[in-house]
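Student: Listed below are the residues making up each chain.
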Amino acid sequence: MNITAFYKWLESFGIATAIREGESLFPWLESIHVLAIVLVVGSIVMVDLRLLGWASRERAVSRLTAEVLPLTWVAFAIAVITGVLMFCAKATTYGPNTYFLLKMGFLVLAGCNMLFFHKVTNRNVQDWGAENRATPQGAKVAGGMSLALWVCIVVFGRWIGFTT
Amino acid sequence: MNPAFKQWLNSVCVWIDSTALSQAIQSAAWVVPAVQTVHILAIAALMGSMVMINLRLLGVTGRDQSLAAVSRRFSPVIWWALPVLLVSGIILITGEPARALKNVIFQWKMLMVISAVLITLYFTAPLNKNPAYWDSRGGVGRVVAVVSFALWVGIIFAGRWIAYF
Chain W
1 MNITAFYKWL ESFGIATAIR EGESLFPWLE SIHVLAIVLV VGSIVMVDLR LLGWASRERA
61 VSRLTAEVLP LTWVAFAIAV ITGVLMFCAK ATTYGPNTYF LLKMGFLVLA GCNMLFFHKV
121 TNRNVQDWGA ENRATPQGAK VAGGMSLALW VCIVVFGRWI GFTT
Chain E
1 MNPAFKQWLN SVCVWIDSTA LSQAIQSAAW VVPAVQTVHI LAIAALMGSM VMINLRLLGV
61 TGRDQSLAAV SRRFSPVIWW ALPVLLVSGI ILITGEPARA LKNVIFQWKM LMVISAVLIT
121 LYFTAPLNKN PAYWDSRGGV GRVVAVVSFA LWVGIIFAGR WIAYF
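In order, the protein sequences belong to chains W and E.
If you count the first sequence from 1, position 103 lands on 103 in the numbering used here, and the numbers rise without skipping.
If you count the second sequence from 1, position 105 lands on 105 in the numbering used here, and the numbers rise without skipping.
Incorrect hints may have been included.
Unchecked claim - Over the 12 Å line for every Cβ pair with chain E, so calculated as not near, a few chain W residues:
{"#": "1", "residue": "Thr4"}
{"#": "2", "residue": "Ala16"}
{"#": "3", "residue": "Glu23"}
{"#": "4", "residue": "Thr92"}
{"#": "5", "residue": "Thr163"}
As the list claims (entries may be wrong) - Stretch-level coverage of chain E by chain W, calculated; a stretch enters the list once three of its residues show a Cβ under 8 Å from a Cβ in chain W:
{"#": "6", "region": "36-45"}
{"#": "7", "region": "49-57"}
{"#": "8", "region": "158-164"}
By construction, these hints were calculated from the structure, which means they are not laboratory data.
Since we're looking at a predicted model, the values are computed, not measured.
Where a beta carbon is used, it is the ideal one built from N, C-alpha and C, also for glycine.
With the hints as constraints, model all of the structure from the sequences given.
Tutor: Right, here's the structure in full:
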């Protein structure tokens with residue numbers, strides 16, 4: 001099965017058709033998607049800025065991530081669900097869109113960056129992440145990368161709407 | 001809506017549309033999505049900070065630190081994000097005045113923005129004089145948290161719905 005056939009198959013689902021042809025389902029999904037992304041970016045940026053040593057320095061890194069990241073994950077799950085639903089509704093439109101593909105690529109990169117940080121740098125966060133201590137180079141790079149990647153994800157996300 | 005006001009609003013839109021700045025925004029296709037991106041990033045910064053303050057106000061997170069400390073850390077972000085939102089918003093209106101100003105959803109959005117800013121001021125102002133102010137007013141603080149969160153969610157939803165009215 002080629003990719004276009006796969007996209008058409010996604011679009012043939014009842015829920016995909018309902019979203020595509022309905023009066024207001026699509027804008028509601030978009031609104032929830034925007035709210036979710038705003039919360040993902042808003043919360044992840046706090047952690048990024050702490051890792052860069054630019055903000056919240058008086059709070060230990062582990063404490064900040066413990067109170068911020070649950071919000072990030074809940075919002076991310078909502079963004080994925082609403083995103084998948086919107087994609088299925090117009091898969092043949094979004095699938096080949098350059099900005100959509102770039103957005104997905106940058107999401108994967110953000111995921112890799114996060115995974116590397118958690119598996120390597122964050123393992124000894126108790127040593128370097130205390131209050132009012134300068135963060136090590138690895139943490140700064142992870143924070144800076146995350147910040148840049150999420151800005152790109154928002155940029156490409158907005159560009160999808162103007163190129164489809 | 002009052003017909004005289006409607007007519008005035010219409011002439012304002014026509015005038016903005018005729019300005020050189022509006023024409024420049026309209027002729028460069030990248031300006032609107034770029035400024036919208038800045039607008040979304042600024043609302044993300046604001047929303048993230050606002051949620052952290054509200055969660056502390058509700059007693060969900062950060063209970064080991066005072067509300068005043070949480071507010072000191074996060075409320076400056078709100079006051080930095082608001083001017084960015086205002087300027088980027090004005091650029092977007094200048095590019096497409098009728099799409100925004102004459103839109104009932106936009107008018108509701110502005111009403112909610114004013115309410116949300118007033119509530120934020122109502123919350124942060126007493127903390128400067130008395131850091132323990134809200135600790136002694138459990139119930140009211142919780143209402144403030146829920147109402148301000150609801151208003152900002154409404155503002156974000158309205159922002160998206162402007163495109164559909």
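Student: Indicate, hint by hint, whether the structure satisfies it.
Tutor: Against the structure, the hints come out as follows:
1. Thr4: 27 Å, holds
2. Ala16: 20 Å, holds
3. Glu23: Nearest chain E Cβ is 9 Å from W/Glu23, so the label is violated.
4. Thr92: The assertion about W/Thr92 holds, with a minimum of 22 Å to chain E.
5. Thr163: 9 Å, violated
6. 36-45: Check passed, 7 qualifying residues.
7. 49-57: holds (count 4)
8. 158-164: This one holds; 5 residues, not fewer than the three required, reach chain W with a Cβ under 8 Å.
Taken one by one, the earlier hints fail for this structure at numbers 3 and 5, listed in ascending order.
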